[in-house]
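Chains as they are written, first to last, in numbering that gives the first Met the number 0: chain A, 0 to 314; chain B, 0 to 314.
Be aware that one or more of the hints could be misleading.
As the list claims (entries may be wrong) - Label-pair ranges, simulated between beta-carbon atoms:
#	chain 1	residue 1	chain 2	residue 2	range
1	B	Asp82	A	Lys243	39 to 45 Å
2	B	Gly143	A	Ala142	48 to 54 Å
3	B	Asp259	A	Ala45	39 to 45 Å
4	A	Ala252	B	Pro171	54 to 60 Å
5	B	Leu276	A	Ala45	44 to 50 Å
6	B	Glu244	A	Lys70	22 to 28 Å
7	B	Pro245	A	Lys70	26 to 32 Å
8	B	Gln294	A	Ala252	30 to 36 Å
9	B	Thr123	A	Gly98	57 to 63 Å
Stated by the list, open to error - Sample of chain A residues facing chain B (criterion: CB under 10 Å; computed from the structure):
#	residue
10	Ile205
11	Ile216
12	Phe293
13	Gln294
14	Val300
15	Cys303
Think of the hints as simulated: they come from the structure by calculation, not from any bench.
All residues carry an ideal CB built from backbone N, CA and C; glycine is no exception.
Here is what each chain is made of, one letter per residue.
Number of protein chains: 2
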Amino acid sequence: MRQPLFAALAASCLAACAAKPVPEPAANARYSFWRPAPVVDAPDPAKVVQEAPAEAWRPVDPSNLLVIELKEGGRVVIELAPDFAPVHIANVRAFAKAGWWNGAAIYRVQDNYVSQWGNGDAKTELPAGVVRQPPAEYHRDLAGLQVRPLGFPDSYAPMVGHANGWPVGYDPEQGRAWLTHCYGYVGVGRDLAPDTGTGGELYAVIGHAPRHLDLNIAVIGRVVEGMALLSARPRGTEALGFYKEPTQHIAIARARLAADIPAAERPAFEAMRSDSLAFSQFVTGRANRGGDFFQRPVGGVDLCNAQVPVRKIGG
Amino acid sequence: MRQPLFAALAASCLAACAAKPVPEPAANARYSFWRPAPVVDAPDPAKVVQEAPAEAWRPVDPSNLLVIELKEGGRVVIELAPDFAPVHIANVRAFAKAGWWNGAAIYRVQDNYVSQWGNGDAKTELPAGVVRQPPAEYHRDLAGLQVRPLGFPDSYAPMVGHANGWPVGYDPEQGRAWLTHCYGYVGVGRDLAPDTGTGGELYAVIGHAPRHLDLNIAVIGRVVEGMALLSARPRGTEALGFYKEPTQHIAIARARLAADIPAAERPAFEAMRSDSLAFSQFVTGRANRGGDFFQRPVGGVDLCNAQVPVRKIGG
Chain A
0 MRQPLFAALA
10 ASCLAACAAK
20 PVPEPAANAR
30 YSFWRPAPVV
40 DAPDPAKVVQ
50 EAPAEAWRPV
60 DPSNLLVIEL
70 KEGGRVVIEL
80 APDFAPVHIA
90 NVRAFAKAGW
100 WNGAAIYRVQ
110 DNYVSQWGNG
120 DAKTELPAGV
130 VRQPPAEYHR
140 DLAGLQVRPL
150 GFPDSYAPMV
160 GHANGWPVGY
170 DPEQGRAWLT
180 HCYGYVGVGR
190 DLAPDTGTGG
200 ELYAVIGHAP
210 RHLDLNIAVI
220 GRVVEGMALL
230 SARPRGTEAL
240 GFYKEPTQHI
250 AIARARLAAD
260 IPAAERPAFE
270 AMRSDSLAFS
280 QFVTGRANRG
290 GDFFQRPVGG
300 VDLCNAQVPV
310 RKIGG
Chain B
0 MRQPLFAALA
10 ASCLAACAAK
20 PVPEPAANAR
30 YSFWRPAPVV
40 DAPDPAKVVQ
50 EAPAEAWRPV
60 DPSNLLVIEL
70 KEGGRVVIEL
80 APDFAPVHIA
90 NVRAFAKAGW
100 WNGAAIYRVQ
110 DNYVSQWGNG
120 DAKTELPAGV
130 VRQPPAEYHR
140 DLAGLQVRPL
150 GFPDSYAPMV
160 GHANGWPVGY
170 DPEQGRAWLT
180 HCYGYVGVGR
190 DLAPDTGTGG
200 ELYAVIGHAP
210 RHLDLNIAVI
220 GRVVEGMALL
230 SARPRGTEAL
240 GFYKEPTQHI
250 AIARARLAAD
260 IPAAERPAFE
270 AMRSDSLAFS
280 QFVTGRANRG
290 GDFFQRPVGG
300 VDLCNAQVPV
310 RKIGG
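Please put together the full structure from these sequences, using the hints given.
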């Protein structure tokens, strides 16, 4: 069975939902009036990235890079975030090592939402080492993460910020943190039950950040190269953007970890450290665009518009 | 000259910027801790739209519909918002009546940003009735708008909500309101000076809402049909996503106001009234997704993920 990201939202949420622990809406639904405070002469974010010193960057481990080559040419490279969904990411690595996606396809492209790919129902036996029912790794302990607060309010989370070069929502009272569904971020397709997503079916966000998926799906990383190979595609005409005909599928030639590609051929990336001074300057600049075009800096930015700079290094 | 949406951000913002009146950053940059308050058993937003009564909808005036037919087939329909940028929209109507875009093209598609179209440098004489240097209609008086507050914090504006079926940022203290750059929203391309955009060059947002453009560009409406004809396109390889070769341009056959199309052939739309009960239920549902798939309602939604429902009516 294909794993639709969404099932049809049939009826309303009954007994099962009511049993879930959710905070009382009463006292905490209010927030105080916030006024953005624009900063004139803020740093130019592009210039900050260009001039950031070497120590502002962390290399991406080759075992955290999934390299997906398309049959038509071109490749999509995904940086994995094992600190956030370790079991799912161990699965992804095992799938890659087993050649699971060789011959798989992009079979769903839904406008302003996601591109999704995988093996669908082509294979029923999972490779050795893949956990068939991983835990719902939708959040992790806040403890152990060094979070830089974004500094602006968010519509979805009590607090947002960045940790080790990743965007996070977090809740200091509950002690939780989670990766967010920003443009280009990659999650694990699943069926209705939370333990049905192995990591074999993946999707990338190609529209406005669907942050309502946060805390409901395992986010495992982000596209760092080849984004347009996922976004600039005909939209599927079936429900949820599935392609109607298999002939519309976009074939994947093979997918490997960079660690399994000979060192001379493998791509390499580095991400800006979110605890660096450069990153703080970058966020200030994104929140206060200046230069000759902008008439008025806004004084705020949302988490998904302050995307962590990632760049290719080496050949 | 083509009008790039962005000029290269050359250096930092100097004397000219410093002279602009911006609020003091000191006292107001703080905001209180906000906790989303999830609602269990919230309405299913799709069902709300389906079942909304007739009085929850307002018809779109045919003079507020710009119908752009592509040479390859298909059409993009844009609802204009004359309450927000009246001079620019009078220009758009004059351009349409003069056949200005007949033979024009989509010449820029930048990933996670915008698709842009127009006439570029093909014509230098403007049609009769077009104001060459319209005022910077980047905001309007809050007075006269009936705003429904969204009810959740925003990263860019003191307050956000909806007025007459349009998403707005607003500032009660300054008495201003403005349309926001959400997915599918249409703005006026301009050069560096604010009075250089006539409305002849337009763009639509095809990625995560670039809200930093709010208050810096005239937003004139939104795409209500044919969005994928703008978003599902090869990305331009030149700076800012411009296509390298004219052969890559996507030709526009003609663009007319629906009011100038024979009544039997013209498309018709209606938008949900933002002061309706149905719209409040819709927003609550978008902020608290339930059903069989979601494990946890979030309890919040951002302005651009609570897109006003618009639907086609009639033939």
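Is the interface hint satisfied for Phe293 of chain A? The criterion is a beta-carbon contact with chain B at less than 10 Å.
Holds, because the Cβ-Cβ distance from Phe293 of chain A to chain B comes to roughly 5 Å (cut-off 10 Å).
C-beta pair Asp82 of chain B, Lys243 of chain A: status relative to the range 39 to 45 Å that was hinted
For Asp82 of chain B and Lys243 of chain A the Cβ distance comes to about 40 Å; the hint holds.
Return holds or violated for the Cβ distance of Thr123 of chain B and Gly98 of chain A against the range 57 to 63 Å.
holds, 59 Å
I want to verify a distance hint. Is the separation of the beta carbons of Ala252 of chain A and Pro171 of chain B within 54 to 60 Å?
The hinted range 54 to 60 Å holds for Ala252 of chain A and Pro171 of chain B, with Cβ atoms some 56 Å apart.
Between Gln294 of chain B and Ala252 of chain A, does the beta-carbon spacing fit 30 to 36 Å?
Holds, since Gln294 of chain B and Ala252 of chain A (Cβ atoms, about 35 Å apart) stay within the stated range.
Per the CB criterion, is Val300 of chain A less than 10 Å away from chain B?
holds, 6 Å
Using the Cβ atoms, figure out if Pro245 of chain B sits within 26 to 32 Å of Lys70 of chain A.
Roughly 30 Å apart at Cβ, these two residues keep to the hinted range, so it holds.
Given hint Ile205 of chain A near chain B, where the shortest CB pair must fall under 10 Å
Holds, because the Cβ-Cβ distance from Ile205 of chain A to chain B comes to roughly 8 Å (cut-off 10 Å).
Per the hint of 22 to 28 Å, is the separation of the Cβ atoms of Glu244 of chain B and Lys70 of chain A within bounds?
holds, 25 Å
Given the range 48 to 54 Å, decide if the beta-carbon distance of Gly143 of chain B to Ala142 of chain A lies inside it.
Given a distance of about 51 Å, which is inside 48 to 54 Å, the answer is holds.
Minimum Cβ distance from Gln294 of chain A to chain B below 10 Å?
holds, 5 Å
Do the numbers back the hint for Cys303 of chain A, that is, is its least Cβ distance to chain B under 10 Å?
With Cβ-Cβ at 5 Å, under 10 Å, it holds.
Violated hints are absent here; each numbered hint is respected by the structure.
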